[in-house]
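Asker: Sequence:
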Amino acid sequence: MPAKKKAEPAKTKKKVPAKKASAKTEEVPKKKVKTPELLRGFRDILPDEQGRWNMVRDAIRNIAEAYTFDRIDLPVLERTDLFQRTVGKATDIIEKEMYTFTDPSNRSVALRPEATASAARAYINHGMLERPQPVKLWYMGPMFRHDRPQAGRYRQFNQAGFESFGVHEPIVDAQLIVLGVQIFKDLGLDVKVDINSIGTPECRQAYLAELVAYFRQHRSKLCDEDKKRLQKNPLRLLDSKDETTRELLDGAPQILDWLDEKSKEHFMKVLEFIEEVEIPFTLNPYLVRGLDYYSHTVFEFLPADDTGEKAQNALGGGGRYDGLVELLGGREETPACGFALGIERIVRALGDKGIDPPQRPQPQVFFAQLGDAARRIGLNLYEEFRQAGIPVAEAFGKNALKAQLEAANKLNVDLTLILGQKEVLDGTIIIRDMESGAQEIVDVKKVVSLVEKKLRKEEGVAPITQSPVVEK
RNA sequence: GCGGCUAUGGUGAAACGGUUAUCACACCAGUUUGUGGUACUGGUAUUACGGGUUCGAUUCCCGUUAGCCGCCCCA
Numbered sequence: 001m002p003a004k005k006k007a008e009p010a011k012t013k014k015k016v017p018a019k020k021a022s023a024k025t026e027e028v029p030k031k032k033v034k035t036p037e038l039l040r041g042f043r044d045i046l047p048d049e050q051g052r053w054n055m056v057r058d059a060i061r062n063i064a065e066a067y068t069f070d071r072i073d074l075p076v077l078e079r080t081d082l083f084q085r086t087v088g089k090a091t092d093i094i095e096k097e098m099y100t101f102t103d104p105s106n107r108s109v110a111l112r113p114e115a116t117a118s119a120a121r122a123y124i125n126h127g128m129l130e131r132p133q134p135v136k137l138w139y140m141g142p143m144f145r146h147d148r149p150q151a152g153r154y155r156q157f158n159q160a161g162f163e164s165f166g167v168h169e170p171i172v173d174a175q176l177i178v179l180g181v182q183i184f185k186d187l188g189l190d191v192k193v194d195i196n197s198i199g200t201p202e203c204r205q206a207y208l209a210e211l212v213a214y215f216r217q218h219r220s221k222l223c224d225e226d227k228k229r230l231q232k233n234p235l236r237l238l239d240s241k242d243e244t245t246r247e248l249l250d251g252a253p254q255i256l257d258w259l260d261e262k263s264k265e266h267f268m269k270v271l272e273f274i275e276e277v278e279i280p281f282t283l284n285p286y287l288v289r290g291l292d293y294y295s296h297t298v299f300e301f302l303p304a305d306d307t308g309e310k311a312q313n314a315l316g317g318g319g320r321y322d323g324l325v326e327l328l329g330g331r332e333e334t335p336a337c338g339f340a341l342g343i344e345r346i347v348r349a350l351g352d353k354g355i356d357p358p359q360r361p362q363p364q365v366f367f368a369q370l371g372d373a374a375r376r377i378g379l380n381l382y383e384e385f386r387q388a389g390i391p392v393a394e395a396f397g398k399n400a401l402k403a404q405l406e407a408a409n410k411l412n413v414d415l416t417l418i419l420g421q422k423e424v425l426d427g428t429i430i431i432r433d434m435e436s437g438a439q440e441i442v443d444v445k446k447v448v449s450l451v452e453k454k455l456r457k458e459e460g461v462a463p464i465t466q467s468p469v470v471e472k
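For the first sequence, the positions run 1 to 472 when the working numbering is used.
Derived from the structure by calculation, the hints contain no laboratory data. All of these numbers come straight from a predicted model, not from anything done at the bench. Even glycine gets a Cβ: it sits at the ideal position worked out from N, Cα and C. One thing to keep in mind: the hints can contain errors.
[Unchecked claim] Restraint ranges, calculated between C-beta atoms of paired labels, are given here:
no.: 1; residue 1: LYS227; residue 2: GLN359; range: 38 to 44 Å
no.: 2; residue 1: PRO358; residue 2: GLU383; range: 25 to 31 Å
no.: 3; residue 1: GLN362; residue 2: ASN313; range: 31 to 37 Å
no.: 4; residue 1: TYR286; residue 2: GLN359; range: 39 to 45 Å
no.: 5; residue 1: PRO75; residue 2: ARG43; range: 35 to 41 Å
no.: 6; residue 1: ARG386; residue 2: MET268; range: 55 to 61 Å
no.: 7; residue 1: PRO104; residue 2: GLY141; range: 21 to 27 Å
no.: 8; residue 1: GLN217; residue 2: PRO47; range: 54 to 60 Å
no.: 9; residue 1: PRO104; residue 2: GLN217; range: 53 to 59 Å
no.: 10; residue 1: ARG386; residue 2: ARG40; range: 40 to 46 Å
no.: 11; residue 1: ALA206; residue 2: ILE45; range: 45 to 51 Å
Given the sequences, and given the hints that come with them, work out the whole structure.
Answerer: Rendered as structure tokens:
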């Protein structure tokens, strides 16, 4: 709500003596109400941006339906515990980024920082393990992380996620990746997939020991940040941006060498499958993910032209999380795999690439009115046109015909209907062709069908519907 | 959470210590009575907020807030 709105512009009144008017405005400005500011990292998604958002939302929904995923809507607020147990206590997300608070019933609750845990919780809560597996779910909605905002990073941001529960087969991982890539393709975005396997918790453990041992030897060369990582989260050393660390990485043990046979086989099969469908992927042995629950396959979607220099680049990511369901008290060894997409980042990528949403069909008819009697009729006419499938623009709020025609002109309509006092009395209405300026007085009862006819003539055979033009 | 840059009307910019803060676009109203695309007139900013320095601050300093960039982390 724009707090700007000045008192009451004397719109309807003819002429207020200038003195009075100014005297009036001088009385008002006493209390200047301060407009509340947006919370840091929160934003409005304005009408102008909705076109692109809709493109993304539609692309996601279409793919979800085509791949027979079922929509699920999960609460935004959950017990804090759900995230602590799943995402990992030592992760930044839990340690410092979660919106945690005590609710009025004195429970510790948190705004969800992500939704995979909730999906797994729902899977268990509603006995979905009794349904034919895999259970394929998708969702879309806001997530909350109290991080330092930057372009492409907000405290409230939207994710769309796909989760597949109950099947361990590598084809599941592969299909998820394919499906994700397909969404980007539909949007006209080129992406590449970075992929890696971090194996089972057991082999990861063994690997980590080795990795830590390796870096301990070179500890003195590490930057402070990486020394901390060595302590806290050594896996993170793998995607360090520090020059020397990267060099050291060349000689470091590789996680792929530490995978057990099964993990290795699983991973190879995933790769084979996605190779099969010609998805460009990069085996990135340094790709690790920030959430504790991942195992085996992990992957990220990156812009194809990504240089790796920019920070907020990943458009989405995910992986397998075979331990999660069990961790939440579900059936033992329930496998699962999924990924999430960052809607804001995709929308931004579309903008960067200059990909625009298909134009919404604009009204070709404008209704101009003079006086309240005409407005009343206009209200009814508007609905008649709507039912006939003809969008009509109006400026009911304006009085002067001139102003209304100006508005009509700006909207670039073909036809303007003019209804004044005289026409109201006669039961007629004027149809004005905006290009030629020719006017025609017609029976108001027939105006809808007449307009329909005129429009059809103008368009020739052109259909009204617009197809999404994105495909290239 | 750490470091850096920035902050002027709806938008984009100008002024950079000195009279009523300038310009473009947008918006609103009007240019005598019911007709657009042009033209003209007028209206719309306590220069993010709060302090300080100064005779005087949009301009200098400090704090706050917010945005952006890098780190951390992640989508």
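Asker: With reference to the structure, classify each hint as holding or not holding.
Answerer: Evaluated hints:
no., hint, verdict
1, LYS227 with GLN359: 38 to 44 Å, "55 Å, violated"
2, PRO358 with GLU383: 25 to 31 Å, "27 Å, holds"
3, GLN362 with ASN313: 31 to 37 Å, "36 Å, holds"
4, TYR286 with GLN359: 39 to 45 Å, "43 Å, holds"
5, PRO75 with ARG43: 35 to 41 Å, "22 Å, violated"
6, ARG386 with MET268: 55 to 61 Å, "58 Å, holds"
7, PRO104 with GLY141: 21 to 27 Å, "23 Å, holds"
8, GLN217 with PRO47: 54 to 60 Å, "58 Å, holds"
9, PRO104 with GLN217: 53 to 59 Å, "54 Å, holds"
10, ARG386 with ARG40: 40 to 46 Å, "42 Å, holds"
11, ALA206 with ILE45: 45 to 51 Å, "46 Å, holds"
Violated hints, listed in ascending order, are 1 and 5; each of the other numbered hints is respected by the structure.
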